[in-house]
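Peer 1: Construct the entire structure; sequences and hints are all you get.
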Amino acid sequence: MQSAMALSFSQTSFTRPNHVLGSTGSVFSTPTSLRFCGLRREAFGYSTSNQLALRCERIRIPSRKSFQVSASASSNGNGAPPKSFDYDLIIIGAGVGGHGAALHAVEKGLKTAIIEGDVVGGTCVNRGCVPSKALLAVSGRMRELQNEHHMKSFGLQVSAAGYDRQGVADHANNLATKIRNNLTNSMKALGVDILTGFGSVLGPQKVKYGKDNIITAKDIIIATGSVPFVPKGIEVDGKTVITSDHALKLESVPDWIAIVGSGYIGLEFSDVYTALGSEVTFIEALDQLMPGFDPEISKLAQRVLINPRKIDYHTGVFASKITPAKDGKPVLIELIDAKTKEPKDTLEVDAALIATGRAPFTNGLGLENVNVVTQRGFIPVDERMRVIDGNGTLVPNLYCIGDANGKLMLAHAASAQGISVVEQVSGRDHVLNHLSIPAACFTHPEISMVGLTEPQAKEKGEKEGFKVSVVKTSFKANTKALAENEGEGIAKMIYRPDNGEILGVHIFGLHAADLIHEASNAIALGTRIQDIKLAVHAHPTLSEVLDELFKAAKVESHATTRTVSEKVVV
Amino acid sequence: MAVSSSSFLSTTSLTNSKSNISFASSVSPSLRSVVFRSTIPATSHRRSMTVRSKIREIFMPALSSTMTEGKIVSWIKTEGEKLAKGESVVVVESDKADMDVETFYDGYLAAIVVGEGETAPVGAAIGLLAETEAEIEEAKTKAASKSSSSVVEAVVPSPPPVTSSPAPAIAQPAPVTAVADGPRKTVATPYAKKLAKQHKVDIGSVAGTGPFGRITASDVETAAGIAPSKSSVAPPPPPPTPVAAKAATTTTNLPPLLPDSSIVPFTAMQSAVSKNMIESLSVPTFRVGYPVNTDALDALYEKVKPKGVTMTALLAKAAGMALAQHPVVNASCKDGKSFSYNANINIAVAVAINGGLITPVLQDADKLDLYLLSQKWKELVGKARSKQLQPHEYNSGTFTLSNLGMFGVDRFDAILPPGQGAIMAVGASKPTVVADKDGFFSVKNTMLVNVTADHRIVYGADLAAFLQTFAKIIENPDSLTL
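As they're listed, the protein sequences go chains A and B. Residue 294 in our numbering sits at position 294 of the first sequence, with consecutive numbering throughout. Residue 415 in our numbering sits at position 415 of the second sequence, with consecutive numbering throughout.
Source of the hints: derived by calculation from the structure; they are not laboratory data. Among the hints, a few may not be true.
As the list claims (entries may be wrong) - Here are the computed lysine to aspartate or glutamate pairs in the DMTMM-like style, where the Cα-Cα straight-line distance is at most 20 Å:
{"no.": "1", "chain 1": "A", "residue 1": "K299", "chain 2": "B", "residue 2": "E87"}
{"no.": "2", "chain 1": "B", "residue 1": "K71", "chain 2": "A", "residue 2": "E488"}
{"no.": "3", "chain 1": "B", "residue 1": "K185", "chain 2": "A", "residue 2": "E488"}
{"no.": "4", "chain 1": "B", "residue 1": "K185", "chain 2": "A", "residue 2": "D345"}
{"no.": "5", "chain 1": "B", "residue 1": "K77", "chain 2": "A", "residue 2": "D287"}
{"no.": "6", "chain 1": "B", "residue 1": "K303", "chain 2": "B", "residue 2": "E87"}
{"no.": "7", "chain 1": "B", "residue 1": "K82", "chain 2": "A", "residue 2": "D287"}
{"no.": "8", "chain 1": "B", "residue 1": "K185", "chain 2": "A", "residue 2": "E454"}
Peer 2: Structure, rendered in structure tokens:
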């Protein structure tokens, strides 16, 4: 469970540049010198009933810290409802963001309700990161078993590997069900009220759900997430022209599938489909595949993930019209030049997957009741996730987290934002440092990143007048990677040589998604290279890839003279 | 890198250091040089061409100090593609890391000489760069002549390879309707296109049998005349050297490997050797041995050694002189119907180098004097060590000399390399008790030589006569120094 959540893959795609610019733009404007963000430490950890019991007990003990809630002084936790409100906090949307916020709210002693119009778990658990990880687990193994050379180099002999499509699909579905139940149970066990029905904002501090249930809360968080974005001209029939929602059910494995968009989602699906025997054609609006990644990483990734596989691609083109297969004709895709809009080509394929990013799900939320105007569907918020209305002023007691605000469309970002909001409403000011939020793409091998790309860092350095250095290492130099016969990959770190600040880390290689956290934690906690390079890594492990980076970095300032005084008795 | 006519410094994506590949790019710029050697167009093309016309060879760069050969991971550019200065052209895997290799000239990638997945020694030409589009064809011919003349490509000289065959850019106002009834355009799957490119198959000429008449991978494989392979790894195209390694691995039911055994794929050199060895089986050979008294030769050797003369040069010179008197032993039979007397006597000498085997050639061994031969030999060995032998320096032999005497081997027999008439295997010279014709015993240094020859052209008597001459020269070596 823990890993499933932590490894949540991004449901964002960088194929639509406007989305990206929106989010990175805000990332840029976030001050970098912010503190805490490691609040997710206990957000998920209850797969057994024992743990549940423990956890509930712990939560019910009145917090020793005295905190104040200005309006509703609820000092005794869940017990007494506030005088004027039904709840301290209402969250609309029980996805990963809402769930994270709810759990943290309970810990902070807030009386919390969560409204869900569909199924608990949202996109990530039901139609995103979680089931896709199940498919990728299969594709990774298929890929390995099919690679005769790879097996031979281990001295292994495997006869032809095959798969049962329904079995693979069931695995994905079972995983989603399991995680969804875990999520639901965890909230129930903690005393979060799960209210079923479509939620909307009626007015300040007032929410409607279902047919006509009206409840009030001191604070409201909108966490309604997003849905697959389908550009106009594309007809989705759910069979031959599909979105990630359909693809995750794996109802068929077409011989040839076109994937529109080469961001995280498209890449991951290309990994799955090619491993299961499909041929893939990428259609990318930008001039190069995998935009949004560090250029060096995307170059290498293309060399490993695209070129040797049964994949071709068209870049700089839009799919202006996609017609599902019918009347004995294949799927027809019309391509137009992304710049001139002139017709360029027509493709005939067996299926098309639309992975052009995600659109916020904010319709019918009653935002007009609080005078909020969405921008391309996204709810405008400030750096503290406070909703901004049409006049540019803050709407009191209303917050929006996750994909719906478009700041950083990642499940774990939503969760971190939710926790940040709960910190604020329970009396502690908090601003989330989005630059410390890692992202990962679970291809084989994986890609992960945190912070700035090299061009972004250089631009920033130029603007703010500091020097930027880059250090790189190859997985070929790592013993564990070589033992696994997986020497393909690089890791690079972008940093300030003057003070040792880590600006960004990008990894492409075996288990990159797990490796990134040492770097993202260092960024979140403000740990400098000169300090972290003294930390010890077990040998031989993949973690030494990062160790290698830290040690190879040339930092002018010395380690802070902080001695660890706690002695451990051996 | 020794042969660089121009080498360049540039920023790099990955650098090497000994065992540890990390580095700070701010401090260690690395050398990623591509070497281009300009070649003035061959005399046969002495038409009135543009004066600046140039075809450059792209060489395997030395990416680290210890690198002797590199593997082509992938060609980023395809044949016929335009290159701008500074663009990455090819990805090379050295013993340490993968690196992008950039071009330092504008032009066109005219021909790929060493394909993806193949290995080439440092300094070997891996591709050709034409300055103008017009020169692409010329460069291609050049590339073709570089690669084996015997390996006939199943493909007609094709126009610049069709890569993705985009439909002709007809300005169609309404493509929607046009597609439905218009002439069918070529539809090929991604893998089919990849294979077509790999096997240089014109995708337009392939008949599609897949769904909706599309061209599938197996269609391309049929067109290319290869059995549809189960694995996704396509067989490599022939390497540039004449000893092409299109190893027709007969997939018989091999017994399972013993535990703890390891599989090591052949290097380019190993596969070349392997292929030659298999080919040699088609030649009927026989062997004739002969003892040679070397007392006089040893004495001569002691005398000329300080002047830099090597035993190899002495033996090559002696063989050369003997061959001059027995031209049939220096002849070669290539087609089994006729044979040719070679105009030159070029002695190839087998040398073991870095676990490989190469045969640098002493050309005109009969004509050059001993000192020149020795000098030439040293030069060739040096080049062989650094893998910089030019093809004519290792494949122009007409007779081969193989000497294992220095290891104490008293006799052995050699396999006749294809295309040559005979090979001489030289054993160690050892004190041996010999009886002369009067019955007196004496101890003389005797060396056993054993010649393997092609019995289609060289008969027993020919070989015996040749050996007799050779022995006479060795036993009265004064003529060697003339």
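Peer 1: So, for every hint listed, does it hold in this structure?
Peer 2: To see whether the hints hold, each was checked on the structure:
1. Pair hint A/K299 plus B/E87 holds up; C-alpha atoms about 13 Å apart against a cutoff of 20 Å.
2. A distance of roughly 15 Å separates the Cα atoms of B/K71 and A/E488; the hinted pair therefore holds under the 20 Å criterion.
3. Restraint check for B/K185 and A/E488: not satisfied, since their Cα atoms lie roughly 39 Å apart, outside the 20 Å limit.
4. For the suggested pair B/K185 and A/D345, the alpha carbons sit about 10 Å apart, so the restraint of at most 20 Å is met.
5. Only pairs whose Cα atoms come within 20 Å are accepted, and B/K77 paired with A/D287 is accepted, the gap being roughly 16 Å.
6. Between B/K303 and B/E87 the CA atoms are separated by roughly 58 Å; this puts the pair beyond 20 Å, and the hint is violated.
7. Distance check on the hinted pair: B/K82 and A/D287 sit about 17 Å apart at the alpha-carbon level, within 20 Å; holds.
8. For the suggested pair B/K185 and A/E454, the alpha carbons sit about 43 Å apart, so the restraint of at most 20 Å is broken.
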